[in-house]
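Quick note, the sequences are listed as chains A and B, same order.
Sequential numbering from 1 applies to the first sequence in our numbering.
Sequential numbering from 251 applies to the second sequence in our numbering.
Please note: incorrect hints may appear among the correct ones.
[What the hints assert, rightly or not] In silico PhoX-like links for lysine-lysine, alpha-carbon gap of 25 Å or less:
| no. | chain 1 | residue 1 | chain 2 | residue 2 |
| --- | --- | --- | --- | --- |
| 1 | A | Lys137 | A | Lys184 |
| 2 | A | Lys206 | A | Lys237 |
| 3 | A | Lys85 | A | Lys206 |
| 4 | B | Lys506 | A | Lys71 |
| 5 | A | Lys85 | B | Lys434 |
| 6 | B | Lys506 | B | Lys295 |
In short, the hints are calculated from the structure, not lab data.
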Amino acid sequence: MVDKIVIENLCIDYGGVHALKNVNLCVKEHEILGVIGPANSGKTSFLRALNRLNDLDISSRLSGSIRLNGKEINREMDVEEVRKKVTMVFALPIPLPMSIFDNVAYGPRRHGIRDRKQLAEIVEKSLKEAFLWDEVKDRLASSGMKLSGGQQQRLCIARTLAVEPEVILYDEPCSGLDPISTAKVEDAMRELKSRYTQILVTNNVKQAARVGDRVAFFLMGELVEIGEAHQLFTSPKDQRTNDYLTGRFG
Amino acid sequence: MKIRAKPHFSVSTQTQQKIAFTLLGIASSLVVVPVIVIFAILIQKGWPAINWQFLTTMPRMGMRAGGIFPAIMGTLYLVGGTIVVALPLGVLAAIYLVEYARRNFLTRMIEVAIVNLAGVPSVVYGLFGMGLFVIYLKMGVSIVAGALTLAIMILPVIITSTKEALQSVPRSFREASLALGVSKWQTIRYVVLPNALPGILTGTILGISRAAGETAPILFTVAAFYLPRLPKSIFDQCMALPYHLYVLSTQVPNVKPALQYGTALVLVGMVFLLNLVAILVRSHIRSRKQW
Ligand SMILES: Nc1ncnc2c1ncn2[C@@H]1O[C@H](COP(=O)(O)OP(=O)(O)OP(=O)(O)O)[C@@H](O)[C@H]1O
Ligand SMILES: [Mg+2]
Chain A
1 MVDKIVIENL CIDYGGVHAL KNVNLCVKEH EILGVIGPAN SGKTSFLRAL
51 NRLNDLDISS RLSGSIRLNG KEINREMDVE EVRKKVTMVF ALPIPLPMSI
101 FDNVAYGPRR HGIRDRKQLA EIVEKSLKEA FLWDEVKDRL ASSGMKLSGG
151 QQQRLCIART LAVEPEVILY DEPCSGLDPI STAKVEDAMR ELKSRYTQIL
201 VTNNVKQAAR VGDRVAFFLM GELVEIGEAH QLFTSPKDQR TNDYLTGRFG
Chain B
251 MKIRAKPHFS VSTQTQQKIA FTLLGIASSL VVVPVIVIFA ILIQKGWPAI
301 NWQFLTTMPR MGMRAGGIFP AIMGTLYLVG GTIVVALPLG VLAAIYLVEY
351 ARRNFLTRMI EVAIVNLAGV PSVVYGLFGM GLFVIYLKMG VSIVAGALTL
401 AIMILPVIIT STKEALQSVP RSFREASLAL GVSKWQTIRY VVLPNALPGI
451 LTGTILGISR AAGETAPILF TVAAFYLPRL PKSIFDQCMA LPYHLYVLST
501 QVPNVKPALQ YGTALVLVGM VFLLNLVAIL VRSHIRSRKQ W
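Isolated chain B, as found in the complex (with noise of 0.2 Å):
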């Protein structure tokens, strides 16, 4: 009995095995799909409009002709601004929260409040930065306002991603660090951060590519209609990548399609090279830790 029924049961698990294989690489090719296919429409779209100029010069002629310059610029500074602030504000407080604070009902409500911040509309951070950054606080439209507002929006994605990466690391590094008379910020600022890095990494890749797409956020508090100029100062307004996208196809009449995907080939192979970057840093930093 028991010889017959082992080759019957091994069968029918191989079975299952390619069933389940199948439908994982539908499912898997399925999430691809999409994306290739919006690339190779951009691509095919909008690479006609690119070339030197188009990346280079000011728009002109309400905005029909003539380069998105002022955007490309606008979408840096503010993806730069947005960095600056989110990422040590992020990394601290995870720090704060996975090395420093007890379990208590306080930290509880932290958390349960960066969760919930993860979840909010972009719309609802644009409104919230226009009355606190842009009234309240009189910083008026600006790159600083537009810069927070955004910092606010992605700071889940860093705190959450930080965290995760902190308590990745082994609990024997802490002790061995600390058995050695070494304090508990040294341990975590020369064993715990450095290990921690690849993960703070992919937090800031997501934030980044979060910062650079959205539209709501920056609508109220930073981005300008058509301003065929550079910002004179972080307290200026400026044009950026998916307001302008936005414009270009909702608000002017008569612009031809090849601007507009060109303006979104722009977009999202600026966010990709950004990505780049993260990942290629990320990976120097993997191949020199051995665990």
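If we strip away everything but chain A, and leave its shape as in the complex, we get (with noise of 0.2 Å):
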């Protein structure tokens, strides 16, 4: 498979503290890079630096290099185009507070679309997609927020889908969901794999286990351990994945 994004010695800290230190990892295309790790490892940091959303932290200082397809992300693309391609799933749902719709909408809507027919069109496709279409068709203009949580959550993902991005990161998208809203978010990010490629985050190991092609284990910053999901839970390379696995730490 082609390599949809590639790291170089990415180091991220914040005034002194070092959240990431020379990470090097490539992200294939249409795959799920399962991301793990125990609290204050760096994930979420490593993630709003592939979309470029650490920008707003005014004391973030990054080194290294990302490529999007080749193109370095910080300069050699647009903030705007970046997180057009690589968009965000929190780890709460953040409905707007607007209708369904509009929520769906919002994105194709920002970057010019206006014809109401391929808006409906685009809610309706970018719904299916992510299994909540059947659940919301009968009351698109009511609001976001009356959703239940893993409803909403899904409506984040539905509002992605509808700016066409190549590349979707998950930051926990699941830790706020019962059991069976979470495997809904599951399937959902199997469904997209055909033509998206996904970085689920997540303090879930067995999470990482049902849905990641491959994971990635971080450490105080360090990227520890990347393989095959299989490969990595069941002969860990590494004695801090195994130890983390194991339960012995984290």
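Starting from the two chains in their separate frames, assemble the complex, guided by the hints.
Below, the structure is given as structure tokens:
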């Protein structure tokens, strides 16, 4: 498979706190890369660097290179272009305070699509891809905030899909959800595999095993190990990975 | 010991709570009392003077008879002009300060200036407006000069409340929008501002009340002592309710008290109505927002 994102010597620090140290890794096209690690290991910092949300943090310093389709995202691309191609689903579902329809249509509208029919098509397609269409098709005009937590998270995924990204980042997307909602979100991710590259940060090692093709293990800002999910979970190469997986720390 | 200590403790907190509630209740009633008394007196003494003619005709006989129509219209023009100038300027300034400006010496100076501007006595605004707009910029004693002076006076209120409203929009909303590749300005325009609107309206309400009620800033910049006609353009002088009230009460002998109270009642009623409109708009917006 083609390398979608190539990361070399990525370091991030926040005024002296080193959140990431010399990370090198490749994300392959159309894979789901699981990212696991204990708290404060730099997983969120890693994701936010990939769509340049860390630009918003004045204290953050980044060095190294991140290439998307061969282009360096900090030096050779506009920030909006990066974020449109690499979008993010956050830990807590954040529907915008508007209707379900408007939530999904928000991105396309801002990117210049005005035609009502075209918007309606995008909304329907995105909601279907996120496994939410059947549950909301009769109440598209009601507020996105009135949905359940799991529905809200799938709404956020649909909103993301509507801008036709190439890469979707998830930062612990199921941390606030019950098992059934979690299963639905995971189903959506698996379904999206054929067309999108996805990176899933999760606190739940089992979830990484369930949906990840490959898994990366971060510890205190370092990438300790990356490998096929099956291999990493059954025979980790690094002792620290083994310790984490067997629950000896973290 | 533990068993005995617990009920004793809870009784005393309940008493404390009762005392605190009583004190708080008294304090808040004390706030309400003057408002009610003022309204009661105004209505009792001013209501008899109010009729259609009083509201819609020119003053006559050196203001001892006739209506207050030009003063009502003058105040409406002034409030309108003030809002047209101060609202966009204040909102844009607040957006710049909250969303764009780096925290540095300059922005801190601006913030200190805004706080101090809020504390400047209104007569100083009047003199400043006369110096700058009336004389230096040669606008003359005119509605523009008066509205600009009032606008500068209420800018701090609008900037401060808009800033607070912008800051209260959760950061997560902005990030959700930015993460889709939506530009910063569009995020402000389509996510931040709509959600800050109720707070901005609160500032506008306060601004309107102040602009409508102040006498000193319009004294040297726009207000006409006695002008029984409507202004011809925005470069004309006009009468205004607060100044008219001052004139009736102190400058003209032998005015029937009912006229004075009637004018005061109209002024208070107008501010009340303007506020009511803004409050209704605000609660309409709030009812649509669900977080
Ligand atoms: N905005 C910030 N300013 C300062 N320090 C930060 C900031 N964001 C993260 N850090 C620090 O960087 C380190 C890595 O944090 P990060 O949020 O990336 O970890 P994480 O793996 O996502 O943790 P968690 O599992 O708790 O979400 C931590 O030590 C954290 O305190
Ligand atoms: Mg995190």
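Here is how each hint holds up against the structure:
Our distance criterion of 25 Å between C-alpha atoms is met by lysine 137 of chain A and lysine 184 of chain A, whose separation comes to about 17 Å. Straight-line distance between C-alpha atoms of lysine 206 of chain A and lysine 237 of chain A comes to about 19 Å, which keeps the hinted pair within the 25 Å bound. Distance hint between lysine 85 of chain A and lysine 206 of chain A is unfulfilled; the C-alpha atoms sit about 28 Å from each other, more than 25 Å. Among the hinted pairs, lysine 506 of chain B with lysine 71 of chain A is inconsistent with the structure: their alpha-carbon atoms are about 83 Å apart, more than 25 Å.
For the proposed pair lysine 85 of chain A and lysine 434 of chain B, the alpha carbon gap of about 17 Å is at most 25 Å, so the pair holds. For the hint linking lysine 506 of chain B to lysine 295 of chain B, the alpha-carbon distance of about 11 Å falls within 25 Å, and the restraint holds.
Against the hints set out earlier in the document, violations occur for numbers 3, 4.
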